[in-house]
Amino acid sequence: MNWRRYFWPVVGIAAVIFSLFLLWHELRGISLDDVWAGIVAIPARGWVLAALSSVIAYAALAGYDHIALLHIGKKVSWLFVTLCSFTTYALSHNIGGSVFSGAVIRYRAYGTRGLTGQDVGILVAICWITFVLSTILVSGLVLVFEPEIIDRFSGAPHHGLAIAAGLVMLILVAAYVFGSWLHLRPLKIGSFQVHYPALPIVARQLLIGPVELLAAAAIIFFALPASGNPGYFVVLGVFLVSFSVAQISHAPGGLGVFEVVFLTGLSHMDPVGVLAALLVFRLFYLIIPLLIALGVVLFFERSQFGRGEG
Numbered sequence: 400m401n402w403r404r405y406f407w408p409v410v411g412i413a414a415v416i417f418s419l420f421l422l423w424h425e426l427r428g429i430s431l432d433d434v435w436a437g438i439v440a441i442p443a444r445g446w447v448l449a450a451l452s453s454v455i456a457y458a459a460l461a462g463y464d465h466i467a468l469l470h471i472g473k474k475v476s477w478l479f480v481t482l483c484s485f486t487t488y489a490l491s492h493n494i495g496g497s498v499f500s501g502a503v504i505r506y507r508a509y510g511t512r513g514l515t516g517q518d519v520g521i522l523v524a525i526c527w528i529t530f531v532l533s534t535i536l537v538s539g540l541v542l543v544f545e546p547e548i549i550d551r552f553s554g555a556p557h558h559g560l561a562i563a564a565g566l567v568m569l570i571l572v573a574a575y576v577f578g579s580w581l582h583l584r585p586l587k588i589g590s591f592q593v594h595y596p597a598l599p600i601v602a603r604q605l606l607i608g609p610v611e612l613l614a615a616a617a618i619i620f621f622a623l624p625a626s627g628n629p630g631y632f633v634v635l636g637v638f639l640v641s642f643s644v645a646q647i648s649h650a651p652g653g654l655g656v657f658e659v660v661f662l663t664g665l666s667h668m669d670p671v672g673v674l675a676a677l678l679v680f681r682l683f684y685l686i687i688p689l690l691i692a693l694g695v696v697l698f699f700e701r702s703q704f705g706r707g708e709g
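In the working numbering, the protein residues as written are 400 to 709.
A hint or two may mislead.
Listed next, with one range per pair, are the computed distances between beta-carbon atoms [stated by the list, open to error]: (1) Gly694 / Gln517: 23 to 33 Å; (2) Trp527 / Phe479: 15 to 25 Å; (3) Arg444 / Phe552: 22 to 32 Å; (4) Leu693 / Val447: 24 to 34 Å; (5) Leu478 / Leu693: 13 to 23 Å; (6) Ala625 / Arg701: 42 to 52 Å; (7) Asn628 / Ala602: 30 to 40 Å; (8) Leu478 / Pro556: 42 to 52 Å; (9) Gly513 / Phe698: 12 to 22 Å; (10) Asp669 / Trp580: 41 to 51 Å; (11) Asp433 / Phe552: 21 to 31 Å; (12) Arg701 / Gly627: 41 to 51 Å; (13) Gly559 / Ile686: 38 to 48 Å.
By construction, these hints were calculated from the structure, which means they are not laboratory data.
The beta carbon of each residue, even a glycine, is placed where N, CA and C say it ideally should be.
My request is simple: use the sequences and hints to build the entire structure.
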């Protein structure tokens, strides 16, 4: 039905509007001059390390596609895969609905390299599993070793519950690894089936996936002011919650949603400094990659048009 096509976009837009209202209410006493002063206050070292963290994050994201292609046994040029992955995530992070938008972009690109629709479907599924698996692993470790992170959102101590939840997450990851060792049967949905990744593939998922999350959180950490900074592990935990909520909201680029949740998690810090760090994150993780990705898309489509003419 036609309404299903518009359901999630409407949900995303509604989430943006509601979050921007909450953000305006939270920051109503802060002027643009204050925000600019917070950005200027970030030292050169912070800018350099934040930019380097962004490069590492996108390099790890490229690893998602390499892992998936290795799983399905397809060989594609390393440079092409890296550019395709970078473009996919740069666009889907800004568009929202990363699984669906990423599938469309990948199908267009990998179709020119001989991959079928089913191949691309499996590739997208493996990339999604890698992201979810990595999020569960890192979140589990954060909850076990930094259980007070939950206090920043609940307003009350629930350390025992946090540790228990973290252990459950780590058990789920261990079960995934155990399932690979058992060589479980493939998941079948009609004619579509996804084979369980082999142990070498799982090892790559558990290595490369967390690197992307650690690097993405580091962008904000290095841009935050030293005063009141709770440390990298806490910033990582707040980032995981904020990024996950932004993904669930389907808001384009997590606009407003990401900022509201992050400011809540670091409510003890000066909101000006936190907002400045979040703007740096958007610059390095969203805006600059988006501009580069648009250039890559234009070059790709122009080359395809030239081949068609030839």
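Results for each hint:
1. Gly694 / Gln517: 23 to 33 Å: holds, 30 Å
2. Trp527 / Phe479: 15 to 25 Å: Holds, at about 21 Å.
3. Arg444 / Phe552: 22 to 32 Å: holds, 30 Å
4. Leu693 / Val447: 24 to 34 Å: holds, 25 Å
5. Leu478 / Leu693: 13 to 23 Å: holds, 19 Å
6. Ala625 / Arg701: 42 to 52 Å: holds, 47 Å
7. Asn628 / Ala602: 30 to 40 Å: holds, 33 Å
8. Leu478 / Pro556: 42 to 52 Å: The hint (42 to 52 Å, Cβ to Cβ) holds, given that Leu478 and Pro556 are roughly 50 Å apart.
9. Gly513 / Phe698: 12 to 22 Å: At 20 Å between Cβs, range holds.
10. Asp669 / Trp580: 41 to 51 Å: For Asp669 and Trp580 the Cβ distance comes to about 49 Å; the hint holds.
11. Asp433 / Phe552: 21 to 31 Å: Once the Cβ atoms are compared, 25 Å apart, the range 21 to 31 Å for Phe552 and Asp433 holds.
12. Arg701 / Gly627: 41 to 51 Å: Since Arg701 and Gly627 have Cβ atoms about 49 Å apart, the given range 41 to 51 Å holds.
13. Gly559 / Ile686: 38 to 48 Å: Cβ of Gly559 to Cβ of Ile686: about 41 Å, so the range 38 to 48 Å holds.
Violated hints: none; the structure is consistent with every hint.
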